[in-house]
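Sequence order for the protein chains is A and B. The first sequence runs 1 to 315 under my numbering. The second sequence runs 1 to 315 under my numbering.
Simulated from the structure, these hints should not be mistaken for laboratory data. All values reported here derive from a predicted model rather than from experimental measurement. Heads up, some of the hints might be wrong.
Identical copies go unnamed one by one, so any copy, or any two together, can satisfy a pair.
Heads up, simulated EDC-like pairs for lysine to aspartate or glutamate below, C-alpha to C-alpha not over 16 angstroms straight-line [said to hold, decoys possible]:
no., residue 1, residue 2
1, K302, D271
2, K285, D196
3, K237, E136
4, K208, D103
Number of protein chains: 2
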Amino acid sequence: MGMNRRQRIVMAIIVSGSLVYIILTQALLVFGSAPGEPTQPEVRKLCSFDLKGEGSTKGSNNSAPIIYVVTPTYRRPEMVAELTRLGQTLTLVKRIHWIVAEDSLTCTAPITGLLQRLGLSYTHLASPMPEVYRKERYVPRGVSNRRAALEWVQEHGSDRGVLFFLDDDNAIDVRLFEEMRPTETVSMWPVGLIGDYTVSSPIVKDGKVVAFYDGWPAGRKFQVDMAGFAVNVGFLKKQKKVTMPYIAGHEEDGFLKSLGLSIKDIEVKADGCTKIYVWHTRTAKNPSRALKLEKHQNDNIKVLTDNMREMGMIK
Amino acid sequence: MGMNRRQRIVMAIIVSGSLVYIILTQALLVFGSAPGEPTQPEVRKLCSFDLKGEGSTKGSNNSAPIIYVVTPTYRRPEMVAELTRLGQTLTLVKRIHWIVAEDSLTCTAPITGLLQRLGLSYTHLASPMPEVYRKERYVPRGVSNRRAALEWVQEHGSDRGVLFFLDDDNAIDVRLFEEMRPTETVSMWPVGLIGDYTVSSPIVKDGKVVAFYDGWPAGRKFQVDMAGFAVNVGFLKKQKKVTMPYIAGHEEDGFLKSLGLSIKDIEVKADGCTKIYVWHTRTAKNPSRALKLEKHQNDNIKVLTDNMREMGMIK
């Protein structure tokens, strides 16, 4: 080859370096191109929908932006109770589209019944968490189904609309919906009953967000709770790579970073972030039991517990 | 005296027996005439009220019986969140009068504001638990304020109306209100997410209550949760000695027994007690903190936390 020892060494470094580069980039493509991107396929199912409420004349302003409320949920004893309570509250708000996204392969019949009964404009999705994440120490719960809802909003949402994530166990003052409705990029407000400060809020000086008051910084640029912000749908659609990472505790931060958001662009709501209109309440868990019913084959308890099983209240 | 030794002994027994009887009955009058009756004076305060909703024409039947919903509450970080969530739900129901009774000497301003804002017919009471009960191993929480509300209903309630106890952290399907509205004596239905069976329900055979399906019998005649029954106000007023005992875990049983109720007279609701329209959900507790705010005297966090303190969210 006519190369001396020194040239051969340089050549070997170049070749092996190229091989390492090729292997690494291929590995990234296979195992996820960025931290928190899905490493297993996501299965998504549209169970049912109804857009009837969207053209509704309820309220005085029937051309107001629609609020797309995204509520992830999963089968557990409290599921139907919490969705009933939250869904009834949403019927008090005009121009709402409720996206209920279940972390399961199929949709739950009592939730379908609830959605049909409430008379809201709604979409009912099923999108189970890929199995690989269920084995993690901190399970990124609610990500697969929020991602499915996000995709739905990007595809079907009105550009003038507003996206808002609201968990099924949270408590909300309905005045917050009118606060968030005029959002042009991303708006924020305080969330009560969370973390070491009992609140998570933007710190506001001279009407602008300058930092965050939050008991769990965790290296996050946006130290906010999922219920602490809303996003304009037109703004969302303009972003190139919107995502929510499968990283527990960093879902909000990862999502807001993927919007290319700058802290100075945040719109301040709730009276300069001094009022609390939403709380990160958590409902106490109940064990999922299998009941013995030998003695109750001839009374109401048999039918009652069959109904409870369908609601996910017992095994 | 002309009595022999034997007669003197009999006389002494009679006299001392009479003295013991008089002392015991007087002691009962002073310290409570029955188990669970108050042994210290109860302080009651009517803070504010509004009856505007009662003559309302909302809904088709504006002469339907009024439902008196009694919600006891006490100062804690979750109080305003839970009352906001529940109160908003109640605005979906016609012909409701909401009695919010606080376990405190005075009424809380944000609750007054909430009640005025919701537009419900309401009564806002304060009735602190007598100090003696706060030292008990099982504190009978919510009794002093429910007793105050009970007294209000006996004095001001419409005879055709219906009394219903609903705690601020419970979840309710609004269809339950129409189930309970025609109650003539006492009606009952299942309550979900409670005890070892995940439900508490009457056992119904041939349309009649024959027993109770409840994981905690505890020697109770009526094994029911507070949210599991409604009482006709006219029926309530006819009873001679209506009470609710200061005995934790026996409030419902003591109250229903004081109505002279027989199990065979219970009216069965919720499709023969096979449907769940109310859940004994419990909201996870948050610590009551005192926050340090030296660094936040010139931004929104000072005002935000002042507002939180007024709501009872922090110390």
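Structure-based check of all given hints:
With identical chains, the CA atoms of K302 and D271 are at most 16 angstroms apart between copies only, with a shortest distance of 13 angstroms across copies and 52 angstroms within one. Taking the closest pair of Cα atoms, K285 and D196 come within 16 angstroms of each other only across two copies (13 angstroms); inside a single copy the shortest separation is 21 angstroms, beyond that limit. For the identical chains of this complex, K237 and E136 are neighbours neither inside a copy (31 angstroms) nor across copies (60 angstroms), given an alpha-carbon limit of 16 angstroms. Taking the shortest alpha-carbon separations for K208 and D103, neither the intra-copy value of 37 angstroms nor the inter-copy value of 40 angstroms comes in at or below 16 angstroms.
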